[in-house]
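Undergrad: Listed here are the chains, written in short residue letters.
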Amino acid sequence: MNNAKISTKKLNLYYGANHALKDVDMDITANAITAFIGPSGCGKSTFLKTLNRMNDLVDGVKIDGEVTLDGENIYDEKVDTTLLRKKVGMVFQQPNPFPMSIYDNIAYGPRIHGIKSKARLDEIVEESLKGAAIFDEVKDRLKKSALGLSGGQQQRLCIARALAVQPEVLLMDEPTSALDPISTLKIEDLMEDLKKKYTVVVVTHNMQQAARVSDETAFFLVGEVVEKDITSNIFARPKDKRTEDYITGRFG
Amino acid sequence: MNNAKISTKKLNLYYGANHALKDVDMDITANAITAFIGPSGCGKSTFLKTLNRMNDLVDGVKIDGEVTLDGENIYDEKVDTTLLRKKVGMVFQQPNPFPMSIYDNIAYGPRIHGIKSKARLDEIVEESLKGAAIFDEVKDRLKKSALGLSGGQQQRLCIARALAVQPEVLLMDEPTSALDPISTLKIEDLMEDLKKKYTVVVVTHNMQQAARVSDETAFFLVGEVVEKDITSNIFARPKDKRTEDYITGRFG
Amino acid sequence: MDQSILVKRVRVSDIVITAAIYAAASLSILLLAGIVCYTFVKGISSISWQFLTTVPSSLKGTFGIAGNLLNTLYIVVITLVIATPIGVGSAIYLNEYAKPGKVVRTIEFTTEILSGIPSIIFGLFGMVFFGNTLGLGYSIITGALTLTLMVLPLITRNTQEALKTVPESYRSGALGMGAARWYMIRTILLPSAMPGIITGIILAVGRIVGESAALLFTAGSGFLLPKSGMGFLTKILESGGTLTIQLYLCMSKAQYGEAFGIAVVLLVLVLLINMLTKYLSGKFNVETRE
Amino acid sequence: MKMAFSIVRGRHSKNAVEKAAQIIFTVCAFFAVLAVFSITLYMLINGTPALFKVGLKDILFGTVWKPTAKEPSFGILYIILTSIVGTAFSIAIGVPIGVLTAVFLAEAAPKKLAAVVKPAVELLAGVPSVIYGLLGIMILNPLMYRVETAVFKGSETHQFTGGANLISAVIVLAIMILPTVINISESALRAVPSQYKSASLALGASKIQTIFRVMLPAAKSGIITAVVLGVGRAIGEAMAITLVSGSSVNFPLPFHSVRFLTTAIVSEMGYASGLHREVLFTIGLVLFAFIMLINTCLTKLLKSKDTQEKVKEAGSRSEGKSCGTAGEKKNRAGAAVQGEA
Amino acid sequence: GCGTTETTTADNGAASSQAVASETAGTDTAAAAAGSEAASGETASETASEAASANAGLSGSISMAGSTSMEKLSNALAESFMAKYPGVTVTAEFTGSGAGVEAVAAGSVDIGNASRNLTEEEKAGGVAENIVAIDGIAVVTDPANTASGLTREQLSGIYTGEIKNWKDAGGADQAIVVVGREAGSGTRGAFEELLEIEDQCAYANELDSTGAVMAKVAATPGAIGYVSLDVIDDTVKTLSIDEVEPTVENIKGGSYLLSRPFVMATKGEISEQNETVQALFDYLASDEGKALIESVGLIVTE
Ligand SMILES: Nc1ncnc2c1ncn2[C@@H]1O[C@H](COP(=O)(O)OP(=O)(O)OP(=O)(O)O)[C@@H](O)[C@H]1O
Ligand SMILES: Nc1ncnc2c1ncn2[C@@H]1O[C@H](COP(=O)(O)OP(=O)(O)OP(=O)(O)O)[C@@H](O)[C@H]1O
Ligand SMILES: [Mg+2]
Ligand SMILES: [Mg+2]
Ligand SMILES: O=P([O-])([O-])[O-]
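Protein chains in written order, with our numbering: chain A, 1 to 252; chain B, 1 to 252; chain C, 1 to 290; chain D, 1 to 341; chain E, 1 to 302.
Any given hint might turn out to be false.
[Stated by the list, open to error] Coverage of chain A stretches by chain D, computed from C-beta distances (three or more under 8 Å per stretch; other residues unrestricted): (1) 97–103; (2) 158–170; (3) 226–236.
Don't read these hints as lab results, they were simulated from the structure. Please read all numbers here as calculations on a predicted model, not as lab measurements. For each residue, glycine too, the CB sits at the ideal point set by N, CA and C.
Bound-form chain A, shown alone (with noise of 0.2 Å):
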């Protein structure tokens, strides 16, 4: 895979004694959306956050092997985590809205990387709502606070406020396990949408969602990867027994 975006090599990753990912090797393509799949627990989640070098928050965590950025090893010493995190942009399971304004949510991350001007903030805002399909609902009351939004709102909102910093590679930990069919779909229009700029890599519990929108698929099981392929491939023709087990449902 030549134009992959990001790399991994042997990658392994240790909360304390617990060894929840083992020697990981995956390629994310560039320009389409990769999508995570596997049973609870399996270390979907953990393994995104090791692409934006989230886990560095954690207490105790030990990572072992090599991810690359476009050929950059982004845990090398030298790396500005910052920079990393604006390029590989990340939006998370649980919606996570700041306590402040909606507006104020929106322009936090264009504001970190140093736009003042209003007119651009206001469009950056405006364009970031309406591309992740809440901005009718909100643009009324743009001043308010961002708390008194529904679950499902509130979620669509941290995917815009991920998008308003332009990132290069989108990680979404199953950003629309609290939207309904309607929003689901108009997100999965607008990743459909991002690819075409961007690199999407999303993780979903829905089987559906994942050969819908991705482009290739990775299963994960108790830390390990078993298989990864494009997506048709992984649905139609799995090579691992697991994997065909997994998604005919004969385990979990």
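Could you slot chains B, C, D and E with the ligands onto chain A? The hints should help.
TA: Just chains B, C, D and E with the ligands now, kept in the frame of chain A:
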């Protein structure tokens, strides 16, 4: 509908000035699974919470109209909400285990309701955990904190906790939105089991799930119940144009 | 792409603020450590068995703080026994029972006022009200009652803050299972909030032990030990100076050796109290969390 | 299917316990109101008579304090100014240092260092303020005297104070409030849900940006508490600074020996009688009024911003997995059901 | 002002001249104090064992409150009195002269200590002024000061702010730090009254106890202060006034200017008090009591 376990008449609910439920009339059939579907923010959770008076806890809520359980008005002044909530159990959208051991989480409800015998509690804990398809995963660490479980495990724990008080009605607010397909299937199977003895109400965003598990489905839109019918009718021959549009993904 | 992640961007404001943080922290840590060390160096030589176990004698010209130690203990215990339930109860009412509105705002406002009242005012009030009006005179009980008013907001506030950090989902979870409110508070909220409550109590003990202005005019400066078993009971009606009062008196008489000696004892005392409460709250955490 | 119990039938013993609990807590809550009410009442009863006997203007705006002279004069303007200036400066020094130290402990310090420093700070929060006064006399005053002799060398007009001056008092107060400010701010910072931090970092914010733009605003309520308590402690402190400040009534200039409202009461209450004693109660009343004013202003000022954003309470409530829903109207955290909207 | 001054001086004079009658040996105050301290210790224990049977009957408690300068006397008195009468508890609070008199007037304590004469108002309230001892006021400087004595005019000049430098008062070129007591202090009242500089003093430090003045003066080069004679030690240097040294003899002889009475006020005359309180005053008037007063560095009256 003669065997309505719960009925509401002209139920209106206001969060301050926000009219969140409008003239809701609904009969919820005993020993059946009723699903609520509808776009984000349409009042599904709100309606669910009026059924066991969890909305009492929200400031500035005003409720009009009648809700009866077995013919008794649950908003009557004389109602013992403790008993009401024992009978009408609830599983929340976000997993919310208590900061105590797994065992104590499950035993919490039975203890409230006066069960003290260690043997009896052990039995209930095991049964409930098995019922929620999580026993095998946690049986070796019943005395460990429930907060150490993964999201999916936590949600199944919460379901087990709700089952432990042997409710008559079980309200579930998107109980599987944080679960992987395997666990989801188990929970769905479990619902099937439960409806033999209990009345189950489930809010879901997953139309397939509603179609799969429920006997009846109600479609909510901006605080109103647009349509409620036997599930197969709703999905096959919706009477209302809006229902049809929603189900076929034409709006949201 | 355009920027390599391997080149760290320099953000001047970050560097400046980080420097400020480190400077401030080193300054306060050095200051505080310096205070402790200086006090120990100056005071440790005054401490002897006699210093700890006798009362001052002007005939023999000896000095000891046994009476003050006992008085301090009395006042701490009596004050906490009264103030803790009231403070925690008040916080529970404000956070868990009261509907927001005028009443809550009034109570929170007055609690704030109470926490801001200078100890000298408590001293004046205690002297006039408990001492004169209630006729308790200069006595340990007058001091303890006065201090109760003083530490009450500390306990209320800390408990309230602790209760606020307990996630709402715990409440709805428990209430949704049919738990009554007080049962829910007892089994879920209080254990979760216990570290915060204990913090409040630590701060309260600290304030009581360190208080001087409010005690000078209320509990007085007696330094005698009770003469008999009954004396331990009647002692609460007699005047009794805490260690801090004695420290102040020594200091204003320029008996610096004794003053630093008492200061060392006070530091050790506060340290012990802190360690004890840490241990207790740790135990609580283990019981409820694991 | 009707089960054995009707929901209407309550269990009485349990209800009684619940009722009792609620009543007891309500009573507890009103205790503070009662206390403040009676303190206010007593201060008014004891403090107002002198105001009228001496004259409001003569007391509050007079600059001559000669309570025992043949024609006594009870002007406390300088004393009031000293309290204002002294408190303001000690807060201006102590609060930033304290909050930054709290940031250090909560966010920047290595775990092990924090584990040593935190208990030390807690220890110092409990250290009697008199000890700070003791150290002020032993260390600060001689130091200040040296500065004073250097600055005013050859001055004919300056009254030499031997180092007991406003600066010394301000420094003692600033150091004294440090532990309180550090402790409370640190706890407030730690209570900020970690999800805010991860969200901010994931957007590419640096650690410092995260702290100053998300964590500190979310911890605002705790930090206000810290400042209010700090102000209270500084303006209310008496014993620590009586000896350090020189305690003469003078206009509050850095090298003047000054007297605070509190030290005025402490140093003379024991000796005063008659009108003098009543005036000391009036000083108490003024002090009391000050505290009321400062408390009200500080909290009003800082809270009013909050209300607009409706942020703080919901923020401090939600934790870890759950996310807040504050609703449309101002929704007191007290009863908002979260984690499910 | 004049009237009061005369009365006070007259009182003092009378007290001093009476005090001369009782014989006290020793020129050095400290030595005398140490000596008689030991003596009274013996006496107390002897008396306690001798009269144990006679005293066993007396029980109850006595509460005192008031002047801080009388602390040394009160504590010594309480301790030896309790040793003699084991059934009695004597407690003492040191809140200041005014508070002491107020407390005794209100009936909340048995004895109010004041380091000054009672005011006419206080006496009118039915409080009896029982002078138990005479105390001298010494003028002190830091030990390094080169001035050895001051004239009365120089002293007044320093305290009123006319003289700001030691070079104008027979010392080196050094700024004077004027230390004094707070308004209402018995010591300050007596000091200003005797020098006739009431209401004219410009203090750089107004400290609220004798000990604090001692400490400040000892630690501050160029400082001057005034304190009770009984607390003098070698951390400070005492100055002569008009070339008279502040010694017990000079005070008794009336040649030293600065002295004042210690009062133990009661509500009503001593004879109207309960027997425990009467016993205390009897004890003070006894030889044993006089020895005690001298042992703490004070001058016995009558
Ligand atoms: N902060 C942490 N500290 C210790 N262990 C952790 C931590 N986070 C996760 N784990 C453990 O690591 C394993 C992988 O967790 P992870 O959250 O990556 O699973 P997941 O695949 O995302 O599951 P889910 O689908 O439930 O979100 C689990 O066993 C989990 O218990
Ligand atoms: N505690 C509350 N206070 C004020 N308004 C609220 C509160 N909870 C919900 N609302 C409002 O009531 C409406 C209905 O909310 P509800 O949570 O019932 O929707 P929902 O259908 O469950 O949505 P979702 O699918 O996103 O969970 C929304 O507009 C929401 O903003
Ligand atoms: Mg996950
Ligand atoms: Mg909902
Ligand atoms: O303490 P005095 O009243 O004696 O100055």
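Undergrad: Would you list, in rising numerical order, the hints stated earlier that this structure does not obey?
TA: Hint 3 is the one this structure does not satisfy, whereas the remaining hints hold.
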